[in-house]
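> Protein chains in written order, with our numbering: chain G, 1 to 948; chain V, 1 to 243.
Just so you know, the hints here were simulated from the structure itself, not pulled from any lab data.
Pairs of lysine-lysine, DSBU-like flavour, derived with a Cα cap of 35 Å:
#1 V/10 x G/55
#2 V/186 x G/55
#3 G/837 x G/920
#4 V/186 x G/205
#5 V/242 x G/381
#6 V/238 x G/309
#7 V/230 x G/279
#8 V/242 x G/387
#9 V/230 x G/299
#10 G/837 x V/80
#11 G/849 x G/890
#12 V/80 x G/205
#13 G/299 x V/242
#14 G/289 x G/387
#15 G/299 x V/238
#16 G/61 x V/186
#17 V/230 x G/387
#18 V/80 x G/61
#19 G/289 x V/238
#20 V/238 x G/279
#21 V/242 x G/289
#22 G/940 x V/80
#23 V/230 x G/381
#24 G/636 x G/511
#25 V/238 x G/381
#26 G/279 x G/309
#27 V/230 x G/289
#28 G/849 x G/920
#29 G/711 x G/55
#30 V/242 x G/279
#31 G/309 x V/242
#32 V/80 x G/55
#33 V/80 x G/920
#34 V/10 x G/205
#35 V/80 x G/849
#36 V/10 x G/61
#37 G/387 x V/238
#38 V/203 x G/205
#39 G/309 x V/230
#40 G/837 x G/849
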Amino acid sequence: MASSNQTKIKGKAAARPSPHVSDEIRKTTCYMCACRCGINVHMQDGRVKYIEGNKDHPVNKGVLCAKGSAGIMQHYSPARLRAPMKRVGPRGSGQFEEISWEEAYTLAESWLRPLRENAPEKLAFFTGRDQSQSFTSLWAQAFGTPNYAAHGGFCSVNMAAAGIYTMGGAFWEFGQPDWERTKMFMIFGVAEDHDSNPIKIGIGKLKARGARIVGVNPVRSGYNAVADDWVGITPGTDGLFIMAMIHELLKAGQIDLEYLTRYTNAGFLVNCAESGPSKGLFLRAENGKAQVIDRATGKLADYDATGVKPALTGHHRQAGETYRPAFELLAEQYMSDEYAPEAVAERCGIPADRIKALAADLARVAFEEEIVINQPWTDWKGERHEKMIGRPVSFHAMRGISAHSNGFQTCRALHILQILLGSVEVPGGFRFKPPYPKPPESHPKPHAGYKAGQPLDGPHLGYPMGPEHLLIDEAGQPKRIDKAFSWENPFSAHGLMHMVISNAHAGVPYKIDTLFMYMANMAWNSSMNTSSVIKMLTDTDARGDYVIPHIIYSDAYSSETVAYADLILPDTTYLERHDCISLLDRPICEADAAADAIRWPVVEPDRNVKGFQSALCDLGARLGLPGFVNEDGSQKYADYADYIVSHERRSGVGPLAGFRGEDGTSEGRGAPNPQQLEKYIENGGFWASHLPEEAQFYKPWNQAYQDWAVKIGLFDAPAPYVFNLYLEPMRKMQLAAEGHGERQPPEHLRARMIETMTPLPHWYAPFEQSQVAEDDYPLHALTQRPMHMYHSWGSQNAWLRQITGVNKMFIPGALWDEHGFAEGDWAYVTSPHGRIKVPVARMDGVNGKTIWTWNAIGKKRGAWALSEDAPEATQGFLLNHLINELLPPKGDGLRWANSDPVTGQAAWFDLRVRLEKAPKGAPSEPALPAQDSPVGQGPKNVTYGDDF
Amino acid sequence: MTSLPQTTEKKLGLVIDLDTCVGCQACVVSCKEWNTSNYGAPLSDVDAYGAEPHGTFLNRVHSFEAQPEAGCSQTVHFPKSCLHCEDAPCVTVCPTGASYKREEDGIVLVNEDDCMGCGLCAWSCPYGARELDEIFGVMKKCTLCVDRIYNENIPEEDRVPSCVRTCPSGARHFGDLGDPESDVSKLVAAREGFDLMPELGTKPVNKYLPPRLKDQPSQSALTPQHSDAKGLFAWLDKALEKL
Chain G
1 MASSNQTKIK
11 GKAAARPSPH
21 VSDEIRKTTC
31 YMCACRCGIN
41 VHMQDGRVKY
51 IEGNKDHPVN
61 KGVLCAKGSA
71 GIMQHYSPAR
81 LRAPMKRVGP
91 RGSGQFEEIS
101 WEEAYTLAES
111 WLRPLRENAP
121 EKLAFFTGRD
131 QSQSFTSLWA
141 QAFGTPNYAA
151 HGGFCSVNMA
161 AAGIYTMGGA
171 FWEFGQPDWE
181 RTKMFMIFGV
191 AEDHDSNPIK
201 IGIGKLKARG
211 ARIVGVNPVR
221 SGYNAVADDW
231 VGITPGTDGL
241 FIMAMIHELL
251 KAGQIDLEYL
261 TRYTNAGFLV
271 NCAESGPSKG
281 LFLRAENGKA
291 QVIDRATGKL
301 ADYDATGVKP
311 ALTGHHRQAG
321 ETYRPAFELL
331 AEQYMSDEYA
341 PEAVAERCGI
351 PADRIKALAA
361 DLARVAFEEE
371 IVINQPWTDW
381 KGERHEKMIG
391 RPVSFHAMRG
401 ISAHSNGFQT
411 CRALHILQIL
421 LGSVEVPGGF
431 RFKPPYPKPP
441 ESHPKPHAGY
451 KAGQPLDGPH
461 LGYPMGPEHL
471 LIDEAGQPKR
481 IDKAFSWENP
491 FSAHGLMHMV
501 ISNAHAGVPY
511 KIDTLFMYMA
521 NMAWNSSMNT
531 SSVIKMLTDT
541 DARGDYVIPH
551 IIYSDAYSSE
561 TVAYADLILP
571 DTTYLERHDC
581 ISLLDRPICE
591 ADAAADAIRW
601 PVVEPDRNVK
611 GFQSALCDLG
621 ARLGLPGFVN
631 EDGSQKYADY
641 ADYIVSHERR
651 SGVGPLAGFR
661 GEDGTSEGRG
671 APNPQQLEKY
681 IENGGFWASH
691 LPEEAQFYKP
701 WNQAYQDWAV
711 KIGLFDAPAP
721 YVFNLYLEPM
731 RKMQLAAEGH
741 GERQPPEHLR
751 ARMIETMTPL
761 PHWYAPFEQS
771 QVAEDDYPLH
781 ALTQRPMHMY
791 HSWGSQNAWL
801 RQITGVNKMF
811 IPGALWDEHG
821 FAEGDWAYVT
831 SPHGRIKVPV
841 ARMDGVNGKT
851 IWTWNAIGKK
861 RGAWALSEDA
871 PEATQGFLLN
881 HLINELLPPK
891 GDGLRWANSD
901 PVTGQAAWFD
911 LRVRLEKAPK
921 GAPSEPALPA
931 QDSPVGQGPK
941 NVTYGDDF
Chain V
1 MTSLPQTTEK
11 KLGLVIDLDT
21 CVGCQACVVS
31 CKEWNTSNYG
41 APLSDVDAYG
51 AEPHGTFLNR
61 VHSFEAQPEA
71 GCSQTVHFPK
81 SCLHCEDAPC
91 VTVCPTGASY
101 KREEDGIVLV
111 NEDDCMGCGL
121 CAWSCPYGAR
131 ELDEIFGVMK
141 KCTLCVDRIY
151 NENIPEEDRV
161 PSCVRTCPSG
171 ARHFGDLGDP
181 ESDVSKLVAA
191 REGFDLMPEL
201 GTKPVNKYLP
211 PRLKDQPSQS
221 ALTPQHSDAK
231 GLFAWLDKAL
241 EKL
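Working from the sequences, and respecting the hints, build out all of it.
Dropping the structure here:
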């Protein structure tokens, strides 16, 4: 794109009031992060000229972030792969030879076919930041391997799972604050790509209305910079802080009693025996329904019987056992001195008065500033309500509180706080986005039943309700390579992609043959323990063969991970591909509408690349996978677009909900429509269907919502439910650990399960913290994602890397002075696991015990078509080198996973370190050897736009 | 040197809300994206994939910390582009007449055909709002998207600068600051908008809205009604009766 100057300038220089903008606008979906905004791609001379937000789109309503606008540089990136490649040098060298697709498929088939025929579990298929999980999981299921998941395990599964288990959905894809009405908004931590534009739009609305924003985050960047109040909490203590606010609310009686009796399991009777196999379980009638004490009659009743008003206090004696409402247990737990603000203040780094004031503010806004909407609605029991009562406090949180080993319980506590305030699914509070709410019972159970030559016995991932749903063999050993749904992390709803390489390398629980990955930079910024992972990927056995025999990887760019694969399937850019953002998967709905969207090739690839999902259609057909071939054995789906339009998951329900039926007029349910993609394109790349007014709130209990959801195919029969303040499946796991039931955990896990799997969230110290001496490692170390970057994709972008090309380690002012740092200095940061050398900078708006840096800026030399002296490689660094996937040994002969014990979520933010001054100057350490670039290096200069 | 108009019919400009800007850089990149393929020479990027990438941007966001006398440090995100000053020193200093301020709307522009890239205007601008494009050798600056705001080829609602259209948090506003009845003028009045470095006498048209006072937590606390769970339960039974 470089060009000489002057000639071009002539004729363009003068201010022309109405220049030609573009020949055509093509509307598709962004993929510069996980947000999935609608974009208008302006085309000129058949090329991409300009990208702006789509004003009609439900997610971004016309705005677009820095990543989205930099999409051009991503699309034209010199790091794009050009053709399938076969490794010709040793792993890690980056030496490849370009091959044909035919050769690539033949090679892949030569590895995969014998596995399918003999041992399908020896394929581990993990798909990273995949937005097509309902498709990739179908492929994995057809192949028959139990070893499939995407990247949720190292992202935010604690939030997702805690939300589903507690109330049928969490933040972002499951729900959002009622931005139009909320008056007080608390945001904990951040994960910039999780609802990035909607949060910014929402903050703008709150600011315009003068609503209050409270930021709870160790670092005062981004949203916390504009928050009216910044609470610079100590990492890993959010749960304590939340429980202390609950303590205050309970002591003052500032809770929504009517809401609790109607919509939660607060009245469910819990067995309060001292011990025994029923201790802590609900009292159930023969019909299986949990029992409550009806306040009107004082007698037992099914919790959902019409007219029953559950008591929240009292007790019931039956067969020698005492039963008490769950609410009593909750109140006793959180009203105890253990959770008093004074008791937690020091650990949280927040004065007790501040905690008390915030609890008072929440109560005041929720109860004294309630909102009333004169909209009648009818509940699940047929009772008509004349009004909708709003409690205008709302919350958002994501990875900041998730990525700790106590993250599941912290996320549970945050949901419980919202429920006690009566602010879920009411005006001004948190609102679900269809197809949520969806309680845990309505999700599939996990499956791992594999047999040679057969598809798996069901979907891989799901929500266990007790030990009976774990994926373990008769000896209690995990059936999956990532040990998901095993005793170590029973509710690992998103799998544990971050454990796959180390488990495969160790051959525990078994050896695999082929590791097949998509779109996750597992040899670099997406793995804990990066240097060791690189060794595992390149390690050889006594015969000189790689310990992980085959690695297939699909990526669009020359990432670090490409260098470690044997076979590369080159993906397209997001502007060159078909995709569906499906209701079967992780849709783009808003609280008042169901919506889905597509991507389509606004330009055709100019390289020998193919959308990964289309490659799976081809590969699936070659392998003869059921569902991927017709009866005569021929290929079923010509490509992913064909699948999107013609696949039916249930009769009449397919990947896209809009424009169904032969004439394209059906919504949700209807026969496949061959013209469906054209209809989406005409409609701006998306489809949306709005909820009736009476269905807008109280969705889990609202008849109109339930009926609407059935009508458009979200589910097949109304499924009202109540929220789980008390989570019985957790208690079932504890019972197993106490020695009850057919399936019981191994001895070494029992104490930890009893401590951590409490049915009401308790706070416990993050594991790493409780295992290392505070004097040795006195500091917390974190990363945050820059708002203008999405992991390693962003930092190779010619425009974005000019904004942040180097990540420094930010040091709190007092610590900076104590160490005598000056501008331009470098430091060693040491964890129990390793040491890195990094450039440092001072920051005062940060928790005094915390140092932090920007995520995923650091690059390996030779990757991403950057020059080997690029600052990302010479000064940028990864914190990952300091974080082990296993905790430090604690003398019991075992190495415990550095994960949440409930979900297996990677505990990135538990990291403890110490700091010391280092000799000034690059390179940052570890300085790993360069890899060859299979795509060469980017051009010296870029003069984008010169040609238009 | 070049002269400035005595008055302009309109004073088009931006109002930037420092209370709402989260520093996301959306305006920076959208500006680059629009302007690199429209008005004049592209905004080039030198050493784009190398050791010292540096390119031309018409708008940049600076993030810094400010320590108030009491309380914790504040983080401020400060977007900065040409302020289209009424007394624009960059215009009067221009030796060729390439820099000019328009009578009709007050926008300060560079006629690139007449620009010889001497850099005097950038030197004279106290805000550092002009950048000399290294490859094309001409001075680049914010045009207030003069090729959008009057552009009949785009929908009327989109005839605003690219940075304003894209800003996710709605922190950027565009309008006629010469008209006291315009939305932007009213916003400036309501929020006590200010000039950047007024002491320099450049009379910038763009205004900034100050961050609201932060970290003023309420001193309230809930009055405990129940010292323990038993007390709560007794109250709760009565409260439920009333429902």
